[in-house]
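Spelled out from the first residue to the last, the chains are:
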Amino acid sequence: MINGTKILFIGPMGAGKTTAITCISDDPPIKTEASNSARHISDKQTTTVAMDFGRIYMDQFNAIDLYGIPGQEHFDFLWPILEKGALGAIFLLNCDTTDQIIQNSLEKFCNDFSRLRDNSAIVIALNRANENAVSLCHNWLRENNIVLPVLMADPRNRDDIIMTLELLIATAEVDLLPEGEIHDAG
Amino acid sequence: MLGENLAFPPTLKMKCDSVLNDFASSENHLSFLSLSTADGYSLSHSDPAHVELNFRRISAMASSFAGISKELARETHHPAMEGSIIECQTGFLVCRLLKTEHLDAVLLGVFNNESNHGIALWTLNNIAKSITDMLNVYK
Chain A
448 MINGTKILFI GPMGAGKTTA ITCISDDPPI KTEASNSARH ISDKQTTTVA
498 MDFGRIYMDQ FNAIDLYGIP GQEHFDFLWP ILEKGALGAI FLLNCDTTDQ
548 IIQNSLEKFC NDFSRLRDNS AIVIALNRAN ENAVSLCHNW LRENNIVLPV
598 LMADPRNRDD IIMTLELLIA TAEVDLLPEG EIHDAG
Chain B
7 MLGENLAFPP TLKMKCDSVL NDFASSENHL SFLSLSTADG YSLSHSDPAH
57 VELNFRRISA MASSFAGISK ELARETHHPA MEGSIIECQT GFLVCRLLKT
107 EHLDAVLLGV FNNESNHGIA LWTLNNIAKS ITDMLNVYK
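Taken in order, these protein sequences are the chains called A and B. Numbering-wise, the numbering used here comes out as the position in the first sequence, counting from 1, plus 447. Numbering-wise, the numbering used here comes out as the position in the second sequence, counting from 1, plus 6.
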């Protein structure tokens, strides 16, 4: 039996969650795609309506299970179901939009995944970002007293997503260690 | 939310509301009907008697259920999924995928315990045909 560590991919529609999971999964991912009727929000043909699932095998007995949420708000009934048992989340955000939409997304997803946020178990990965978007994100986090790592990542780039995943696991696992062990680990 | 679905005109919604209400009121074993886009936006529904329902949530859940069912069917080498059923002690919920020229949709029929599998499927197929025909001719 394989022991799976559960990692979530969160973020609004069009952020690149399905692309990122497809990019790094060792197995062909499970996708639940349907025709996208909200082309004015994100101009893509299909969108996730239930979940994505992929898996990275670490060895014979251990794997990382990758779950992608459906990003549209009317699917928020699924978010707590998918969040159960997750070690942490990669929060993908497409920055090719207005500052207001970026800030609204930060607020929405940081609040709706507050358990992970409070455990510092979220890494924010900015897609199509420039330095301004990174600053905007850092400023918003600082104003809201939230401490989370922020980096730029392309969901189509395996190295970017693997690096983000490694950062998330390192951050989340350090947070799970008792205080004495953190010093020992350091 | 219909307001978020720019492709579905109000006149078409009125026609769909009318068709769904006609079917729901003429079939004693049918509690209510809901029509949503394949990506979970509510398009139309019949007015259920004696109960308040959140059709925004029901539409999203119906499309998620249809999405999971479709993927499960594909995974087990049954690629052309048409519908799925939830059986309860108090009745059935039946989902059907509708593929039309302009729109992919999900039709949900909720049947009470006066119904059975055969009648529920036959009834929903008839409703699905009426709705599909209407959506196909609408420009």
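To be clear, the hints were calculated from the coordinates, so they are not data collected in a lab. Ideal Cβ placement from N, Cα and C applies to all residues, glycine included. Treat the hints with care, since some could be wrong.
Which residues of chain B face chain A? A few of them, derived with a C-beta cut under 7 Å, are [to be verified]:
hint : residue
1    : D28
2    : E33
3    : S75
Derived pair list, reagent style EDC-like, types lysine to aspartate or glutamate, alpha-carbon separation capped at 20 Å [stated by the list, open to error]:
hint : chain 1 : residue 1 : chain 2 : residue 2
4    : A       : K555      : A       : D543
5    : A       : K531      : A       : D565
6    : B       : K135      : B       : E33
7    : A       : K491      : B       : E33
8    : A       : K491      : A       : D601
9    : B       : K135      : B       : E107
10   : A       : K478      : B       : E81
11   : B       : K105      : A       : E480
12   : A       : K491      : A       : D474
13   : A       : K453      : A       : E590
14   : A       : K478      : B       : E88
15   : B       : K19       : B       : E120
16   : A       : K555      : A       : D512
17   : A       : K531      : A       : D543
18   : B       : K135      : B       : D28
19   : A       : K491      : B       : E81
20   : A       : K478      : B       : D28
21   : A       : K531      : A       : D546
22   : A       : K453      : A       : D546
23   : B       : K135      : B       : E88
24   : A       : K478      : B       : E77
If you want the footprint, here are the derived chain B segments under chain A, 3+ residues with CB under 8 Å [unchecked claim]:
hint : region
25   : 60-72
26   : 76-86
27   : 124-136
Status of the hints after comparison with the structure:
1. D28: At about 25 Å, which exceeds the 7 Å cut-off, the nearest Cβ of chain A leaves the hint on B:D28 violated.
2. E33: Hint on B:E33: violated, closest Cβ of chain A at ~28 Å, above 7 Å.
3. S75: violated, 9 Å
4. A:K555 with A:D543: holds, 18 Å
5. A:K531 with A:D565: Holds, at about 15 Å.
6. B:K135 with B:E33: holds, 16 Å
7. A:K491 with B:E33: Given that 20 Å is the threshold and the Cα spacing comes to 39 Å, the pair is violated.
8. A:K491 with A:D601: Satisfied, since the Cα-Cα distance of roughly 17 Å is no more than 20 Å.
9. B:K135 with B:E107: Status holds; Cα separation ~14 Å.
10. A:K478 with B:E81: holds, 11 Å
11. B:K105 with A:E480: Answer holds: B:K105 to A:E480 is near 14 Å, not above 20 Å.
12. A:K491 with A:D474: violated, 24 Å
13. A:K453 with A:E590: Outside the cut-off at roughly 30 Å; violated.
14. A:K478 with B:E88: Within the cut-off at roughly 17 Å; holds.
15. B:K19 with B:E120: violated, 29 Å
16. A:K555 with A:D512: Distance of about 24 Å is beyond 20 Å: violated.
17. A:K531 with A:D543: With Cα atoms ~31 Å apart, A:K531 and A:D543 exceed 20 Å; violated.
18. B:K135 with B:D28: holds, 14 Å
19. A:K491 with B:E81: violated, 24 Å
20. A:K478 with B:D28: It is violated: about 36 Å lies between the C-alpha atoms, which goes past 20 Å.
21. A:K531 with A:D546: Roughly 31 Å between the alpha carbons, so the hint for A:K531 and A:D546 is violated.
22. A:K453 with A:D546: At roughly 31 Å apart (the allowed maximum being 20 Å), A:D546 and A:K453 break the hint.
23. B:K135 with B:E88: Roughly 13 Å between the alpha carbons, so the hint for B:K135 and B:E88 holds.
24. A:K478 with B:E77: holds, 7 Å
25. 60-72: This one holds; 9 residues, not fewer than the three required, reach chain A with a Cβ under 8 Å.
26. 76-86: Since three or more residues must qualify, the claim that chain A covers the region 76-86 of chain B holds, with 3 doing so at under 8 Å.
27. 124-136: violated (count 0)
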